[in-house]
Amino acid sequence: EAGVTQSPTHLIKTRGQQVTLRCSPISGHTSVYWYQQALGLGLQFLLWYDEGEERNRGNFPPRFSGRQFPNYSSELNVNALELEDSALYLCASGVARGSSNQPQHFGDGTRLSIL
Amino acid sequence: AQRVTQPEKLLSVFKGAPVELKCNYSYSGSPELFWYVQYSRQRLQLLLRHISRESIKGFTADLNKGETSFHLKKPFAQEEDSAMYYCALKGGATNKLIFGTGTLLAVQP
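Those sequence lines, one after another, are chains X and D. Oh and the first sequence: position 36 is 36 in our numbering, straight run, nothing missing. Oh and the second sequence: position 107 is 107 in our numbering, straight run, nothing missing.
Mixed in with the good hints, there may be bad ones.
[To be verified] Just the calculated beta-carbon pair ranges, DEER-fashion: (1) Glu51/X with Ser52/D: 23 to 29 angstroms; (2) Arg63/X with Ala93/D: 24 to 30 angstroms; (3) Ala93/D with Phe60/X: 16 to 22 angstroms; (4) Ala38/X with Thr94/D: 17 to 23 angstroms.
[As the list claims (entries may be wrong)] Sample of chain D residues at the chain X side, in silico, Cβ under 10 angstroms: (5) Gln45; (6) Lys65; (7) Thr94; (8) Ile98.
Keep in mind that the hints were calculated from the coordinates and are not lab data. Ideal placement from N, C-alpha and C gives every residue a C-beta, glycine not left out.
Full structure from sequences and hints, please.
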């Protein structure tokens, strides 16, 4: 069974640009979660999508957005990139919301560097 | 506020020694707690969840609601246990995981 896949693996952008990161969940998982792992800040929750809808977002500005497609894959978009957006962006997938104690399974992440 | 605290950034032990990775949480309701592990050059993967009360790779973790702790333990450390360990809390209907800052376990030969 294929795990969570993310693309691209690495990305270099400059300040002010826009970026799109992609995530394919494990087959059968309807939820996709995005996390940011910035140096010194640990893993921070960004967004949660389930059944095509945004269910929850973390404490990030509106220039962080995304969407989930009918096949449950997801995109994370970041506009007006800033230097502090440099981080590893992790995607995780899980079963439908409401299922207690179901773990989230993570991808390898996309390393985003802002110059 | 929901919070997970892992007080040790680095824990260094010798092979065969007992290991205890500390995790304390702050949450008003009934928490769901997990331990994730990241081996070198590998993705973050689930190690344990408190509801399962299982032992994985010799590791166990018991939820202590009185002390709001979920420490990870192993009686005899192995070199292959060297990795970054994260404690995580899932609180309520938000489904988001709140991670601790992680503890790097280094098992010396």
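Results of checking the hints against the structure:
A C-beta distance of roughly 26 angstroms is found between Glu51/X and Ser52/D, which places it inside the suggested range of 23 to 29 angstroms. A hinted range of 24 to 30 angstroms for the beta carbons of Arg63/X and Ala93/D is consistent with their spacing of about 26 angstroms. For the pair Ala93/D and Phe60/X, the beta carbons lie near 20 angstroms from each other, so the given range of 16 to 22 angstroms is met. The hinted range of 17 to 23 angstroms is satisfied by Ala38/X and Thr94/D, whose Cβ atoms lie roughly 21 angstroms apart.
Given the 10 angstroms rule on beta carbons, the hint for Gln45/D holds: about 7 angstroms separates it from the nearest Cβ of chain X. Interface hint at Lys65/D: violated, since its Cβ lies 15 angstroms from the closest Cβ of chain X, which is beyond the 10 angstroms cut-off. Taking 10 angstroms as the C-beta cut-off, the interface hint given for Thr94/D holds, the closest approach to chain X being about 5 angstroms. Because the closest C-beta pair between Ile98/D and chain X is about 7 angstroms apart, less than 10 angstroms, the hint holds.
The earlier numbered hint that this structure contradicts is number 6, and it is the only one.
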